[in-house]
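Generate coordinates for the entire structure from the input sequences, incorporating the hints supplied.
As a plain string of letters, each chain reads:
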Amino acid sequence: MIRAFPALLALCLFTAPASAARSKNPDTLTRLGLSDADSLDPAWSYDTFSHEVIANVYDYLFMFEGGSVEKLIPLAAAKVPSRANGLISADGKTYTIPIRAGMVFHDGTPVTAEDVRYSILRFMLFDRDAGPSSLLLQPLVDRDSTRDSTGKIDPKVFADAAKAVQVDGDKVVLRLPKPFAPMLTVLASWAPVVSRKWVAEKGGWDGAEATWQKFNNPSKTSSPLHEAVMGTGPFKLERWDRNNKQIVLVRNDRYWRTPAKLKRVVIKAVSEFGTRKLMLQAGDADTITADRPVFSQLQNVPGVELIDDQQMLDMNPVAFFTFKIKETGNPYIGSGKLDGEGVPPDFFSDLDLRRAFAYSFDYKGFIKDVMRGKGTQATGCIPNTLPGHNPKQATYSLDLKKAEEHFRKARGGEVWEKGFRFTLSYNTGNVARETLCQILKRQVESINPKFKIDVRPLEWPTFLDAYKGSKLPVFIIGWNADFPDAHTFVFPMLHSRGDYPFTQRFKDERIDKLIDQALDETDLAKRKDLYAKVQALEYELVPHLVILDTVRFRTQRDWVKGWYHNPIFPDAPYGAYYYPIWKE
Amino acid sequence: MLRFVGKRLALLPLVMLGVTVLLFALLQFLTPEMRAALYVKDPRQLAALEAIIQKHHLRDPLPIQYWSWLKQVLVGDLGYSETAKMPVADAIRAFFPATLELTFAAFFPILFIGVWLGTKSAVHKDKFVDHFSRFVAITGYSLPSFVLGLLLLMIFYGKMKMFAPGRYSLDVDLLVHSDEFRHVTGLLLVDSVLNWKWSVFWDVAKHLVLPSATLVYISMALLLRITRSSMLEELGKDYVRTARAKGLSERAVINKHARANALIPVVTLSSLLFVGLLGGVVITETVFDYPGIGRWGVNAAQQLDIPGVLGSALLSSLLFVVANMLADVAYALVDPRIRVQ
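Residue numbers (our numbering), protein chains in the order written: chain A, 25 to 608; chain B, 1043 to 1383.
Treat the hints loosely; a few may be bogus.
[Said to hold, decoys possible] The following residues of chain B were derived to be distant from chain A, with all beta-carbon distances above 12 angstroms:
1. 1053
2. 1240
3. 1243
4. 1294
5. 1297
6. 1299
7. 1362
[Said to hold, decoys possible] In silico SDA-like cross-links for lysine to any residue, where the CA-CA straight-line distance does not exceed 25 angstroms:
8. A:350 to B:1073
9. A:442 to B:1072
10. B:1239 to B:1223
Calculated directly from the structure, the hints in this document are not laboratory data. All C-beta atoms in this analysis are idealised placements derived from N, C-alpha and C, irrespective of residue type, glycine included.
Put into structure tokens, the structure is as follows:
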């Protein structure tokens, strides 16, 4: 009955009535998404739903101007450093960033250069497993973790970080060990300014060398910034209502720019598309998350605007295989043995098995039928909108004969003989990912009746915790660019210390070396060549299945004005920077 | 009567104990590692899982394990729900009042309309009202709740803009979360009266209309048919004929005599209906984006959130036992012979 729900819903909504002509709450924007945020701590969060909120309540040093992914404007910084204005040294290793005068935090206390330094240091030294800290650790201290491979903290990191980030009057000076071209674009999306005093008063790190290790790799909920905010952004956090999966932001009237036009922004998770759509039609929601499979249901709805063909800097969806699944207390691997009722923890470390899965998916069918022909098959983890993408790279296609061959070879024939059962997961409400799971399940199960896959939707925070805990055998998720560079895809998706490989327990030294080389390479042609090699290995080793390079659409009421698309923005084009938006 | 109620009350802890034994026995199908997940709040605690297993005696003999687990249950420590991202007891406190409110909003109309229409239907057998009630019963019983819910939403929300989904509107949301609103019971209808906030009361009541109407239509069918058949049986009995022969008015015969005796199966069914509603009405809560306990329970089951499932099962069991007891008391009220026996 539940399965018939979407079809019936579509039928019901097909005859949906005309909409209200005027907005019910002219100064409040309501956005309905799929999921609740995970954490509001900028040093912890590494997911789009959380970062959509973070980007609206904090100020980064810089931000991208409009839809550009190259041109920056200053936010907490007073100027954008460049060689021309002398704020970037000739050797490209020193960045002098003057801090904007007169800015205050949400509690009215003034922002100092020391707060900015603290925010950058905290972002790096927090360094939770598979978190975003490496984005600044890499360029500033030339390492991607504060811990060694055994997980032991390297006490020298603080000194290196403190040397790299210094205060000079009302300026913050960054001293890089070697030039890093995307430095400013990283700071346009990461390490926003947080209040050192407030965090310390609430029991968080006080910024001292003596205490930083205590706050390294902490638990999610232990941070005072997990569900509270003390930033300088255009909106303040009014309430995070976990029961109703709703975050309410209220305008910051002390914002250093003209205060936002909207008084409130409500970001609410409503997992059922039908309810989201009805609320949009009735004017109780102003914008909703809606993916390509439901596009036709939103066309020609009075008062609803579909802004299509938005280019993306993402790779979504992707199916990741966990090479070493955590067995302890894990309900997603059945019996935990290869006995037809489960899978052993190292199940997906078998290359034949991964290739068998790669040949079991109908990529073209997915693009044609699910994505309604929008997008092209991905040839690697670097999207086609970025330099480094290799359009000539070989790809997998649906070939059940080849899939069977690989299944028969996997684990010396044991897989074919005994069969398996595991849980394939995606985040609740994501129709495209759900369909991907169902297609993969159907194809794989059709090859051998002993193969069984249970498809299971998980709520976003639960899903994140489960995959980061290496508990999910295969999980479907996507990746948005951290900054506009190929490195932001190859590192988190293929480098052993990147977000996904770390949780997958995937490591290939050749790939790691190529990625490290490419990061240091300044010759664009050579860099492209290195990335081509990385993508060839990606194809050969199949640590994940990339599906498509996509274009998306935004759904909003026609009274919503001022929105612009920037593919770097978290959860774009559904999420938005609400500062310039208003309602007519 | 008091003695009767006392006896039933005395049995209550014993029955609940039986329920806990049953749930505990079901837990034994899980490995000690998976049972240890009941006590894990942070994934990093998994590194110290053995210590958790030791602390909670998860490898000890069953009676020791049971006693250790029961002690925690008795003090309300039901573990941490990954789905709700809060302790299970807090999740129950957060979600149950909404469901309780919805249950009351739906149950009494179900009861009154079901019994009234069932009686009318029996008294006017094969007349228009009987055919009409049959139509209501058949459509109500066969119509999936999500179909009816969506249709109601389309008409009354989509078209007429009258009853929105959710538990309250945005304005009320801001008001109930402000400092000027005191949360006393968690039941917003009650709390709004206590706070003298009639705008909240009407808003919450309006949001209850469609989900409760859905539940009334769907759940009333069975009650209506049971009342009808029970009434038909009673109306054919000798004492009814005697009552009529004595010259009692038809109204008195039906209301005072026949219906009183016809109520026993209705009481049984009503208690089950009540528990069913209290346990959460998943599809209705989902369609109307209503933050009740049913949605949480099903999410917990879907996401293999063992503490969540266990907490929700314990709550359902407790409600079932209490409702059964209340049904027993209601039997005794309806039929004095039960008290005597």
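Do the hints match the structure? See the list:
{"no.": "1", "hint": "1053", "verdict": "holds, 35 angstroms"}
{"no.": "2", "hint": "1240", "verdict": "holds, 20 angstroms"}
{"no.": "3", "hint": "1243", "verdict": "holds, 19 angstroms"}
{"no.": "4", "hint": "1294", "verdict": "holds, 45 angstroms"}
{"no.": "5", "hint": "1297", "verdict": "holds, 39 angstroms"}
{"no.": "6", "hint": "1299", "verdict": "holds, 42 angstroms"}
{"no.": "7", "hint": "1362", "verdict": "holds, 24 angstroms"}
{"no.": "8", "hint": "A:350 to B:1073", "verdict": "holds, 15 angstroms"}
{"no.": "9", "hint": "A:442 to B:1072", "verdict": "holds, 23 angstroms"}
{"no.": "10", "hint": "B:1239 to B:1223", "verdict": "holds, 8 angstroms"}
Comparing the model with each numbered hint stated earlier shows that all of them hold.
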